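Colleague: Use these hints to put chains Y and U onto chain D, whose structure you have.
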Amino acid sequence: MAAVAPGIAQLALALLLAPLLPGVVNKVKAAFAGRRGAPLLQAYYDIAKLLAKSAVYSRTAGWVFRAGPVVGLSAAVVALAALPWAGARALLAFDGDLILFAGLFGLARFFTIAAALDTGSSFEGMGASREAAFSALTEPALLLALAALARRSGSLSLSGILGGQGIGAAGGAAVLLAAGAVFVVLLAECSRMPVDDPTTHLELTMIHEVMVLDHGGVDLAFIEYGAAVKLWAFGGLAVSALLPGQGSRGAWVPDAALALAGMLCVGLLAGMVESVMARLRLSRVPQLLVAALAMSALALALVFVRQ
Amino acid sequence: MTLWVEGFLVALVLTNLWLLGSSRLFPCIAAVAVQGVLLGALPLVIRIDAPAWRLALQAGVSLGLKGIAFPLLLLRAARSLEVKREVEPFVGYPASLIAGIALLAASLALGARLPIPGALRPLLLVPAVFFTAFTGLFVIVGRKSAIMQVLGYLAMENGIAGFGMALAEREPLLVEMGTFLDAFVAVFVMGITIFHINREFDHIDSGRLSSLKD
Amino acid sequence: MLLAFVLLPAAAAAVSLLIRGHRLRRALLVSTAVVHAALVAWRAIDAGSFPAVGAAIALDAAGLLFLGVTSLLFLAVSTYAAGFLARETGATRTDVEEGFLFDNSPEALFTACLLAFLSAMSLVTLSAHLGVLWVAVEATTLLSAPLIHYHRHHRSLEATWKYLLVCSVGIAIALLGTYFLAAAGSVGGPASGSASGSAAGEGSPVGLTFPQLLTRARELDPRWLKAAFILLVVGYGTKMGLAPLHTWLPDAHSEAPSAVSALLSGALLNCAFLAVLRVHAICSAAGIGSFSRDVLLAFGLFSMAVAAVYVIGQPDFKRLLAYSSVENMGILAVGVGIGGLGDWGSLFHAVNHSLVKAALFLVAGNILAAYGTKRAAEVRGLAGRLPASGALWVAGFFAIAGAPPFGAFLSELAILRAAIEAGSWLLAAVYSILLLAVFVGMAAIVARMLGGAAASRQREPASQLAAPIALLAIAAGLGLYVPRFLDGALREAARLWGG
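As you go down the protein sequences, you meet chains D, Y and U in turn. Sequential numbering of the first sequence, starting at 1, is according to my numbering. Sequential numbering of the second sequence, starting at 1, is according to my numbering. Sequential numbering of the third sequence, starting at 1, is according to my numbering.
Pulled out of the complex, with its shape left as it was, chain D reads as follows (with noise of 0.2 Å):
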């Protein structure tokens, strides 16, 4: 039992704490901005709103449509199960769970995209291929960054590669290129700015909340929900492979509020960038995540060669 106490506990906290993302970088866009912003809590409170109302079901609409925001979010829940945080163990650690990592949430967006299929809207369609078209080069950036990151700690298990050795020690560069790679994932996979604008609903520029566009009520909740876990998820990825972990600094709690420190900074900077940068014309979108492969293959290809 104590031996994965540290893994439920991390589990819960992020499961407690993952909605506290998405107000993070609404709030630093606000500051931005010149306004107060909504309350950081805000992603709270829609949960419970939404949770309470009945959604409305197509009559075109099957159960794959239902389905959708369900697998989503334990998707997430599991995958987040298997990462490990502020160098503790993760609840689901065992060799290639990388690949489970991955897996799990290549299986949510194709119930996702499945989903949005399933109501019969062309427009909803048109998000789904632009999802599809996009996480096809999304995916090999993010498994060659485990890659890379697997290789130079010569572990398959995620528990053994993140909070090993961090940036100081040497292969910091190939960590900090696979570490931006992630971000830029991140920034796609999330349908954060400059890939997808989270706040319209035009049919120009969305991606992700095309997707979603049909659903309400519980189903929306699990949606948003499942989507603040994924956004914890692969902030948790980035900086628990950036920070060294358990060992460097003995107990478990320093190394929680360095990481709670790491995971607000992502949240800041995803911030940053969406203030900053204007969404990307959707034939620069590739480019964009073709840079993110070759950052995460320059990786690699770093940690390869001092071998």
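It cannot be assumed that every hint is accurate.
[Unchecked claim] Pairs of lysine to aspartate or glutamate residues, derived as DMTMM-like cross-links and limited to a Cα-Cα distance of at most 25 Å, are as follows:
#1 U:Lys374 to Y:Asp214
#2 U:Lys374 to U:Glu107
#3 D:Lys29 to D:Asp197
#4 D:Lys29 to D:Asp46
#5 U:Lys374 to Y:Glu200
#6 Y:Lys213 to U:Asp95
#7 Y:Lys213 to U:Asp103
[As the list claims (entries may be wrong)] Simulated restraints, written as ranges between beta carbons of each label pair:
#8 U:Asp46 to Y:Leu75: 52 to 60 Å
#9 Y:Val45 to D:Arg35: 52 to 60 Å
#10 Y:Ser210 to U:Thr215: 45 to 53 Å
#11 D:Arg284 to Y:Arg79: 17 to 25 Å
#12 Y:Ser210 to D:Leu280: 29 to 37 Å
Because the hints were derived from the structure by calculation, they are not lab data. Here the structure is a predicted model, which means the values were calculated and not measured. We treat Cβ as the ideally placed atom computed from N, Cα and C, and that holds for glycine.
Modeller: Coordinates of chains Y and U only, in the frame set by chain D:
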């Protein structure tokens, strides 16, 4: 390899990817300028055994020429040309980036094959300068705009000069300065020719310069 | 004193930019050429008054040979150019092919670039350090670009851009090759390190000066050296016009004024050949001579083949001459690739080709000026309209195709003999077939130009004829009798790479 040196070389590789992936002219000029500055400072960072004044002179000339003079020349040329229409390259930008990754892999393989002369050279050095040279060649072949071709030539020269700097070989100072001068005059002459091309053709798309053929 | 070859034309170039009077400038051009040639002759007779300058500038047998050819050619071309400039300056011209009006470059710029071009080519022949060699070859590229762009229209601009880009890329590759060679000297090969007794890197680096490289060639790392050789052959081969790197050659030679084409084909290609030879010499001394010879042979045969393909049915007679240059550069490479007598044959052929090709280009310029077209199909009755030029054209064609009594016959025969002596019958057969193909292709075109109904006879000014006559006469003379000093020079130069 210390973090400094590694960071330096990684930055060099990143400038190449930056050059390959940018569609607008100014980021490309900036990328090549940064390359020039990095390469000028390279001997100082990897601590080549040569008198300090010489290294400083090299770095200074490289910074002045490649970091300041060339970008200014090219920016002035670009502005005077009023290049408005973006010239679609032969190889698209995402494809260029992927090709860049392939070139990087090739440079790494090549760097592993050729034993580096002199002791204690960073492992990433030879692949990084090769990659720069390959990137330059790729840009010359893959881009249609004449200014982009000049930038590709500059990147290629950067890579090759970087390789020269990486060697412990002490060339006569005159030869090194002669190499710099040649690069300068080359860019100058190319700039003048581009000016003439624009005046004559109203475009600088070298893909459309095809009236001479057999 | 050796630097006078470089500094004199450079100074003249600077002065010519300042001179206002056209006639004075043309006189300066010709007189500089005369003084330069005189200096070369003096050096040929008395080597002692021209000591080497440091380790980087020295004149050995091969360098002197090519310097002599360059100087002689420049002298001939400068007389032609003076007449040419007198005709061209000031007037707005009508383009011969498309009929639009165009301007010419300012004459001062043209003359200055021409003289600076001579200076750069002299520096190539004087280089004893591979770095200086590189700087000089790059300088020739940059200085000849404005010369190609003399007629200011879109075709010459396109040719200039292609020339600049292709040759600059090639020369950049040659720079990488030079650095590889330096690396080969730093790493240490089979014989290095013995003096200091420890592993690679402990001995002093070999450096890039030519004499040092030759004597310490065994110390060069063979892997780096081979890679260096490939890069240097590709790089300098671009400048030399070896296929498939020759793509700039036809355009540049056909769009440039004839005087410039003569210099490019006659002098510049030779200088690039000298650079290739120097590297080959290093490889021979290092013991990988068979590798370098094979590479040169491959490039040479490919060049001859490509030239043959494009010569047959070539509509433009200036491009015809350009492709003939490609073929002859191929012959030079094949000669060196065979070795033995082929080395001597190559060098002799270089001399012959320069003389004849320059004369041919100058005559082509006469034809162009008279007929107003570059298409061979539209040139008829050459014998009647321009009898002197017509005769020179035919003579030049025979010379370049390797017919006796011209010198090219001897040189091409020497290379053929070398191939047979080496026992490569297939090579000899292929070589002969390609030579024959080019001969037939050129013959068809030249013959058609000569015959046909003639318009009235046109006046041919002496300045247009003097240079080609002189050059062809020398070429014919060489075919009948190779003077002892030339033969000795050729042998001594060939000895540099074990020939």
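Colleague: Compare the distance between the alpha carbons of Lys29 (chain D) and Asp46 (chain D) with 25 Å, and conclude whether the hinted pair is satisfied.
Modeller: holds, 18 Å
Colleague: Does 52 to 60 Å hold as the CB distance between Val45 (chain Y) and Arg35 (chain D), or does it fail?
Modeller: violated, 45 Å
Colleague: So if I understand the rule, the pair passes when the alpha-carbon distance is 25 Å or less; does Lys213 (chain Y) with Asp95 (chain U) pass?
Modeller: holds, 18 Å
Colleague: What's the verdict on Lys374 (chain U) and Glu107 (chain U), does the C-alpha distance respect the 25 Å limit or exceed it?
Modeller: This hinted pair holds, its Cα atoms lying about 23 Å apart.
Colleague: Do Ser210 (chain Y) and Leu280 (chain D) keep their Cβ atoms within the hinted range of 29 to 37 Å?
Modeller: holds, 34 Å
Colleague: Could you see if the CB distance from Arg284 (chain D) to Arg79 (chain Y) stays within 17 to 25 Å?
Modeller: holds, 24 Å
Colleague: Tell me if the straight-line CA distance from Lys213 (chain Y) to Asp103 (chain U) falls inside 25 Å.
Modeller: Measuring from Cα to Cα gives roughly 23 Å; hence the hint holds.
Colleague: Is it true that the C-beta distance of Asp46 (chain U) to Leu75 (chain Y) lies inside 52 to 60 Å, as the hint says?
Modeller: holds, 54 Å
Colleague: Just to be careful, I want the Cα atoms of Lys374 (chain U) and Asp214 (chain Y) compared with a cutoff of 25 Å; is the pair within it?
Modeller: This hinted pair holds, its Cα atoms lying about 14 Å apart.
Colleague: Straight-line Cα separation of Lys29 (chain D) and Asp197 (chain D) no greater than 25 Å?
Modeller: Between Lys29 (chain D) and Asp197 (chain D) the Cα gap is close to 13 Å, so the pair holds against 25 Å.
Colleague: The hint says 45 to 53 Å between Ser210 (chain Y) and Thr215 (chain U); measuring C-beta to C-beta, is that right?
Modeller: For Ser210 (chain Y) and Thr215 (chain U) the Cβ distance comes to about 50 Å; the hint holds.
Colleague: Does Glu200 (chain Y) lie within 25 Å of Lys374 (chain U) when you go C-alpha to C-alpha?
Modeller: Judged against 25 Å, a Cα distance of about 22 Å means the pair holds.
Consistency with the previously given hints fails for number 9 only.
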